[in-house]
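Participant: Spelled out from the first residue to the last, the chains are:
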Amino acid sequence: MKYVIIGNSTAAVGAVEGIRKIDMEGEITIISKEPYHVYSRPLISYLLYGKTDEERMKYRKEDFYDAMNCKVLLGKKAVKIDDAKKEVLLDSGEVLNYDKLLVATGSLPFVPPMKGLEGVEKRFSFMSLDDAKKLESAISPNSKVLIIGAGLIGLKCAEGISKKVESITVVDLADRILSSILDNDGAEIVKSHIEKENVRFILNAKVEEFTGNSALLSNGEKVEFDVLVVAVGVIPNTGLIKDINGKVNRGIVIDEFCQTSIPDIYAAGDCCESFDITIDQNRILALLPNAYMQGECAGINMAGGKKEFGKAIPMNAISFFGLHIITAGSYVGEVYSQIEGDNYKKLFVRDGLLKGYILIGNVDKAGIYTSLIREKTPLSEIDFELVFQSPGLMAFTRRERSKMLGGVVNEY
Amino acid sequence: MKRVYVNEKWCLACHLCEYYCAFANSNEKDMVKALKDIVIHPRIRVEQKDNISFAVSCRHCEEPLCVKGCITGALSIKDGVISVDQNKCVGCFTCILCCPYGAVSPGEKSVIQKCELCTNNMHGSPQCVKGCPNNAIVFEER
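Sequence lines, in order, name chains L and G.
Going by this note's numbering, the letters in the first sequence line up with residues 1 to 412, in that order.
Going by this note's numbering, the letters in the second sequence line up with residues 1 to 142, in that order.
Okay, chain L solo, but in the shape it has when bound (with noise of 0.2 Å):
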């Protein structure tokens, strides 16, 4: 059997390790457009704060590609996919043959159309270990950084640089920062928060125009800079499936068991939309647990295993300047709020379940919560006031607690 793997990032490693359950004797290549030995891209931030390192950065061993028993090839795109005769052109002219594919392209950032960007010097995005290296290679102590985008990447990038730079100016179209994990108040109390840091947020506005190192906001105002980042968002990679017309809607479309609408073609990760059982529909979740269940589900299904990926839901766990962050669900239905200083917890429930849950400061013992999300457990079985007061195993009956801790383990 032969395996191509398009893409050297999370779902790529998942399906390598999903296919190595089932079958260690299929031929594995891995195609990386990136030069790098895998790295974990949440990372780059922390990798210009200097929490951590290029070597750390490694998302798995030095020998993992050996290990894995598979050969990679660094710093070459996959620009054509042959369905009809399972061929991979590379941009090298070299052509891979597969029995089975797996498309892991991730995303691409999303830079919208804003007059005058063109003629921005020194404009970054911030997404790769190479976006992060060229930004740490623009900024100075007496930069001052526009950041266009107060989602998880813009913010997670003026932390990263905040030590490094003289001021940095968040701008963002949303009446709130973090506008896909938190809602208002919660949005409120993580603002403060890295307002003290050196960091100013204007809401409820955009680029109008770029005339050189100066932004004109929608709102009259003017911004200089020297360095700009533009973090609006990211969008699927979905390029090479469309052009071969598999099923694309925002992401490419698989089915439960990672299978795109082409034969002997798969796809995981950022790339693809995903199930979400919160609320029933297709949708993009760029996050990285979720990019490796999907990889090694994929990966379990192309070695002939057969496995299910269906309880897929956002969740995101992030930290700001030493404040935390989960989130995971959607926000919809009846709310129980507890906010108590700076520590914040808010959980969503409709139908007598779980749907989501935003917690900021004190966080532990969230994946309770994430689990009842995910398990759909009827909040009828449970002391849904105790778990809510305070997570624990202790909310569930004895008879289920004896199956948690006395000896079934955990399947998900």
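Honestly, the hints are just simulated from the structure, not real lab data.
Think of the CB as a built atom: it goes at the ideal place given N, C-alpha and C, for glycine as much as any other residue.
Please note that the accuracy of each hint is not assured.
Calculated lysine-lysine pairs in the DSBU-like style (CA-CA distance at most 35 Å, straight line) [unchecked claim]:
#: 1; chain 1: G; residue 1: Lys109; chain 2: L; residue 2: Lys163
#: 2; chain 1: G; residue 1: Lys33; chain 2: L; residue 2: Lys51
#: 3; chain 1: G; residue 1: Lys78; chain 2: L; residue 2: Lys61
#: 4; chain 1: L; residue 1: Lys58; chain 2: G; residue 2: Lys2
#: 5; chain 1: G; residue 1: Lys78; chain 2: L; residue 2: Lys33
#: 6; chain 1: G; residue 1: Lys2; chain 2: L; residue 2: Lys307
#: 7; chain 1: G; residue 1: Lys36; chain 2: L; residue 2: Lys51
#: 8; chain 1: G; residue 1: Lys29; chain 2: G; residue 2: Lys9
#: 9; chain 1: G; residue 1: Lys2; chain 2: L; residue 2: Lys61
#: 10; chain 1: L; residue 1: Lys86; chain 2: G; residue 2: Lys33
#: 11; chain 1: G; residue 1: Lys78; chain 2: L; residue 2: Lys51
#: 12; chain 1: L; residue 1: Lys134; chain 2: L; residue 2: Lys21
#: 13; chain 1: L; residue 1: Lys33; chain 2: L; residue 2: Lys115
#: 14; chain 1: G; residue 1: Lys33; chain 2: L; residue 2: Lys163
#: 15; chain 1: L; residue 1: Lys376; chain 2: G; residue 2: Lys36
#: 16; chain 1: L; residue 1: Lys33; chain 2: L; residue 2: Lys163
#: 17; chain 1: G; residue 1: Lys78; chain 2: L; residue 2: Lys403
#: 18; chain 1: L; residue 1: Lys144; chain 2: L; residue 2: Lys58
#: 19; chain 1: G; residue 1: Lys78; chain 2: L; residue 2: Lys133
#: 20; chain 1: L; residue 1: Lys306; chain 2: G; residue 2: Lys2
#: 21; chain 1: L; residue 1: Lys77; chain 2: G; residue 2: Lys78
#: 22; chain 1: L; residue 1: Lys61; chain 2: L; residue 2: Lys242
#: 23; chain 1: L; residue 1: Lys51; chain 2: G; residue 2: Lys29
#: 24; chain 1: L; residue 1: Lys133; chain 2: L; residue 2: Lys76
Covered stretches of chain L, as calculated for chain G (at least 3 residues, CB under 8 Å) [unchecked claim]:
#: 25; region: 287 to 297
#: 26; region: 390 to 401
Far from chain L by the CB rule (all over 10 Å, computed), these chain G residues [stated by the list, open to error]:
#: 27; residue: Glu18
#: 28; residue: Lys33
#: 29; residue: Lys68
#: 30; residue: Ser105
#: 31; residue: Gly131
Starting from the structure of chain L, add chain G where the hints point.
Facilitator: Just chain G now, kept in the frame of chain L:
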């Protein structure tokens, strides 16, 4: 594989498992010296309410969500034991987000901590089990 199992019927809520855990991971040779005047920060934690009590520590799941979700690769599974590479961990707490048992917690000296069945300290086998006076915590194959 041998795991730590809890039989809550036998738990006395004495919290000795927590003290033995803290001692085992202190790398001190003397228990009194290790625990004197400190607030312990154990990897096994007793949940207690009314007359029910039981200890919870890492289950060393066969399909560990913490390992699959780990953004750095710091958490890994080897011979069934899930361990953390403190050198790689950056403290994003995705493992705390993922663990269905609440068995991973922020560390005291490290970024995160979890039970590694005492394979990471000088004792080599679970000290909570050794310290449990009522056999409510056992280390066995099931």
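Participant: Looking back at the hints listed earlier, which ones does the structure fail to meet?
Facilitator: 10, 12, 14, 15, 29 and 30
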